[in-house]
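Protein chains: 2
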Amino acid sequence: MKELKLIKEIEGIAGNPGKGVKLGIGDDCAVIECDRKSYLLWASDMLIEGTHFNLKDAGYQRTGRKAVAVNISDIASMGGVPEYITVSVGLPAEGSLKAIRALYSGIKKICREYGISIVGGDVNRSKKLVIDVSIFGKVEKKRLITRSGAKEGDLILVTGPVRNGRKDHLDFVPRLKEARFLSGNYRISSMIDTSDGIAADLNRICASSRTGCRIYGDAVPLSEGSSFEDALYYGESFELLFTMSPLEARKLFKDIGRKRLELVYFVIGEMRSKKEGCKLIGKEGRVSILKMQGYKHF
Amino acid sequence: MKELKLIKEIEGIAGNPGKGVKLGIGDDCAVIECDRKSYLLWASDMLIEGTHFNLKDAGYQRTGRKAVAVNISDIASMGGVPEYITVSVGLPAEGSLKAIRALYSGIKKICREYGISIVGGDVNRSKKLVIDVSIFGKVEKKRLITRSGAKEGDLILVTGPVRNGRKDHLDFVPRLKEARFLSGNYRISSMIDTSDGIAADLNRICASSRTGCRIYGDAVPLSEGSSFEDALYYGESFELLFTMSPLEARKLFKDIGRKRLELVYFVIGEMRSKKEGCKLIGKEGRVSILKMQGYKHF
Chain A
1 MKELKLIKEI EGIAGNPGKG VKLGIGDDCA VIECDRKSYL LWASDMLIEG THFNLKDAGY
61 QRTGRKAVAV NISDIASMGG VPEYITVSVG LPAEGSLKAI RALYSGIKKI CREYGISIVG
121 GDVNRSKKLV IDVSIFGKVE KKRLITRSGA KEGDLILVTG PVRNGRKDHL DFVPRLKEAR
181 FLSGNYRISS MIDTSDGIAA DLNRICASSR TGCRIYGDAV PLSEGSSFED ALYYGESFEL
241 LFTMSPLEAR KLFKDIGRKR LELVYFVIGE MRSKKEGCKL IGKEGRVSIL KMQGYKHF
Chain B
1 MKELKLIKEI EGIAGNPGKG VKLGIGDDCA VIECDRKSYL LWASDMLIEG THFNLKDAGY
61 QRTGRKAVAV NISDIASMGG VPEYITVSVG LPAEGSLKAI RALYSGIKKI CREYGISIVG
121 GDVNRSKKLV IDVSIFGKVE KKRLITRSGA KEGDLILVTG PVRNGRKDHL DFVPRLKEAR
181 FLSGNYRISS MIDTSDGIAA DLNRICASSR TGCRIYGDAV PLSEGSSFED ALYYGESFEL
241 LFTMSPLEAR KLFKDIGRKR LELVYFVIGE MRSKKEGCKL IGKEGRVSIL KMQGYKHF
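These protein sequences, in sequence, are chains A and B. Residue 1 is where the first sequence starts when you use my numbering, and the numbers rise one by one after that. Residue 1 is where the second sequence starts when you use my numbering, and the numbers rise one by one after that.
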């Protein structure tokens, strides 16, 4: 997966961020000191016509919505609340006023749903539609969840059945409510959104937390029409993938039973020692390596 | 200038930003409440191959540098200090590792010069190179300069001779030092960077400040090889264009004389009442309208 090599390369060149930066490149958001009680969260995600979507199928409105949704998902996976976005657009010249209206109606609608203000951006001519949203949020210090806190023995959970990222990648609902519920009520040791598939994203948690993991193939919940392979290796489903100690997890299960919460979680595996590596337990107990592989951009 | 129509349209759709936002769309940066003494400044600027640069001439390294420089210029023109950036890239597949190294070496170098940390971003495949930098800075509340504070009678000034934006648009030096000097020592009533040419950018100040203006064509300082037309209507020169009362200006002129400051300013006109409109005084006193016209993207 060449994209990962590129990110590694960029991390190397970027070097250590200066003071005031709690976390730089290498998580869903950058984490910056704000005040005594909270951090700023900051992420940017770019969608490019032909790479991430087909404009004819998707249309401007849904593309605008998705460009914001993937960024909300980044803030959610750190346990925070989104507040502001800027939107940079490269727009094909044909019908640009109509196009920008459609694009921004999609953007505005999801911003309204999630209480986000549009505070700036840039608009330019481009052959292919490009949209880069930069999002800004906050998280209470004690509710911050990163990729690096998972411990050997922690359970691995995923929200909801894993959607079919090939089919539903435009209209997904970012798991903000779920993430805030989790960050406010439980000790979540690590979290990420499944943007590149469970395999790649779980490998990222393991790398950051210096652990291994094993997941049980049969336990991975699939929604109608999605394949096991896609859930593991395709991504674009934007569920939350997180870890917590068995003790914390018991609290969660009890609460779900008692309070009849409308939130769905599935245990799909457990964290292991680093030297055990990342393993997938498949049919009839067959063990294979959970490959660091996901959607290939390059 | 269709880009301006698009921005107007976007402003309309985006609507009023929520609480905590001092300024949304419509200035060089969004201005967000931070603490008692300072505001956060936030801007995003996108460069697209074929629209903003020719990759063969510019190369990856200089393009990376420029993508950061235009954003530093945005922070400068509000009187602030840049602190962090995220970088979203759409990268052609050919030679992507070598390309990303060159791009980031340009980014890293200018970041080091200006004390900026690279804290995040995104990398994707794209047919044409696209680079969107989102920048984050701070400004002391009393040093914030917007586009909207110019008053009738204020003088209009520009830093340095206006460079040839067609030739030098890649390697310009953002006027951060100059902007900080101005915001720290004088009451600057409004400021903007000349990214779209003096005519368009001055029209923006007039619109935000609800004033008119007149500029004296002969007073516009040109650097070698740049034409008057380009200085007015082409842009990409990234000088500071600002206004201050004649009284404040006298202080500045005295200081420059006395302290032998290495800073150059030219008075090019004065702010007038709104009903006078925006005028250009040309050869032999001929008066024409300073058109709201700049580099055409669409």
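Read the hints as simulated data drawn from the structure, not as lab findings. Any given hint might turn out to be false.
Copies of the same chain look alike in the list, so a pair counts if it fits in one copy or across any two.
What the hints assert, rightly or not - Below, simulated DSS-like cross-link-like pairs (lysine-lysine); rule was C-alpha separation at most 30 Å, straight line: (1) Lys22 with Lys56; (2) Lys109 with Lys254; (3) Lys279 with Lys138; (4) Lys142 with Lys22; (5) Lys275 with Lys254; (6) Lys56 with Lys8; (7) Lys167 with Lys274; (8) Lys142 with Lys98; (9) Lys254 with Lys127; (10) Lys56 with Lys108; (11) Lys108 with Lys279; (12) Lys128 with Lys56; (13) Lys109 with Lys274; (14) Lys127 with Lys274; (15) Lys151 with Lys108; (16) Lys251 with Lys19; (17) Lys177 with Lys128; (18) Lys56 with Lys138; (19) Lys5 with Lys37; (20) Lys283 with Lys128; (21) Lys279 with Lys109; (22) Lys56 with Lys274; (23) Lys291 with Lys98; (24) Lys177 with Lys109; (25) Lys151 with Lys283.
Nothing here was measured: the structure is a model prediction, and the numbers come from that model.
Consistency of the hints with the structure:
Proximity of Lys22 to Lys56 under the C-alpha cut-off of 30 Å is found in neither arrangement, the shortest distances being 41 Å within a copy and 38 Å between copies. Proximity of Lys109 and Lys254 under a CA criterion of 30 Å is satisfied in neither setting, with 36 Å inside one chain copy and 54 Å between copies. In this homomeric assembly, Lys279 and Lys138 never come within 30 Å of each other (Cα to Cα): the closest approach is 35 Å inside a single copy and 46 Å across copies. Proximity of Lys142 and Lys22 under a CA criterion of 30 Å is satisfied in both settings, with 14 Å inside one chain copy and 28 Å between copies.
Proximity of Lys275 and Lys254 under a CA criterion of 30 Å is satisfied in neither setting, with 33 Å inside one chain copy and 70 Å between copies. In this assembly of identical chains, the alpha carbons of Lys56 and Lys8 lie at most 30 Å apart only when taken from different copies (26 Å versus 34 Å within one copy). Proximity of Lys167 and Lys274 under a CA criterion of 30 Å is satisfied in neither setting, with 35 Å inside one chain copy and 54 Å between copies. Within a single copy, Lys142 and Lys98 get their C-alpha atoms no closer than 45 Å, and across copies no closer than 41 Å, so neither meets the 30 Å cut-off.
With identical chains, the CA atoms of Lys254 and Lys127 are never at most 30 Å apart, being 54 Å at best within one copy and 51 Å at best between copies. Proximity of Lys56 and Lys108 under a CA criterion of 30 Å is satisfied intra-copy only: 21 Å inside one chain copy versus 38 Å between copies. Proximity of Lys108 and Lys279 under a CA criterion of 30 Å is satisfied in neither setting, with 42 Å inside one chain copy and 38 Å between copies. In this assembly of identical chains, the alpha carbons of Lys128 and Lys56 lie at most 30 Å apart whether taken from the same copy (12 Å) or from different copies (19 Å).
For the homomeric pair Lys109 and Lys274, neither the shortest alpha-carbon distance inside one copy (44 Å) nor that between copies (36 Å) is at most 30 Å. For the homomeric pair Lys127 and Lys274, neither the shortest alpha-carbon distance inside one copy (46 Å) nor that between copies (39 Å) is at most 30 Å. With identical chains, the CA atoms of Lys151 and Lys108 are never at most 30 Å apart, being 40 Å at best within one copy and 35 Å at best between copies. In this assembly of identical chains, the alpha carbons of Lys251 and Lys19 never lie at most 30 Å apart, being 37 Å within a copy and 37 Å across copies at closest.
Proximity of Lys177 to Lys128 under the C-alpha cut-off of 30 Å is found in neither arrangement, the shortest distances being 34 Å within a copy and 37 Å between copies. Taking the closest pair of Cα atoms, Lys56 and Lys138 never come within 30 Å of each other, the shortest separation being 36 Å inside a single copy and 41 Å across copies. In this assembly of identical chains, the alpha carbons of Lys5 and Lys37 never lie at most 30 Å apart, being 36 Å within a copy and 42 Å across copies at closest. In the homo-oligomer, the alpha carbons of Lys283 and Lys128 never lie at most 30 Å apart, since the shortest distance is 44 Å inside one protomer and 44 Å across protomers.
Taking the shortest Cα distances, Lys279 and Lys109 never come within 30 Å of each other, neither inside one copy (41 Å) nor across copies (41 Å). For the identical chains of this complex, Lys56 and Lys274 are neighbours neither inside a copy (45 Å) nor across copies (46 Å), given an alpha-carbon limit of 30 Å. Taking CA atoms no more than 30 Å apart as the test, Lys291 paired with Lys98 passes between copies only; the shortest distance there is 26 Å, against 44 Å inside one copy. In this assembly of identical chains, the alpha carbons of Lys177 and Lys109 lie at most 30 Å apart only when taken from the same copy (17 Å versus 41 Å across copies).
Within a single copy, Lys151 and Lys283 get their C-alpha atoms as close as 26 Å, which meets the 30 Å cut-off; across copies the closest is 76 Å, which misses it.
When held up to the earlier numbered hints, the structure conflicts with 1, 2, 3, 5, 7, 8, 9, 11, 13, 14, 15, 16, 17, 18, 19, 20, 21, 22 and fits the remainder.
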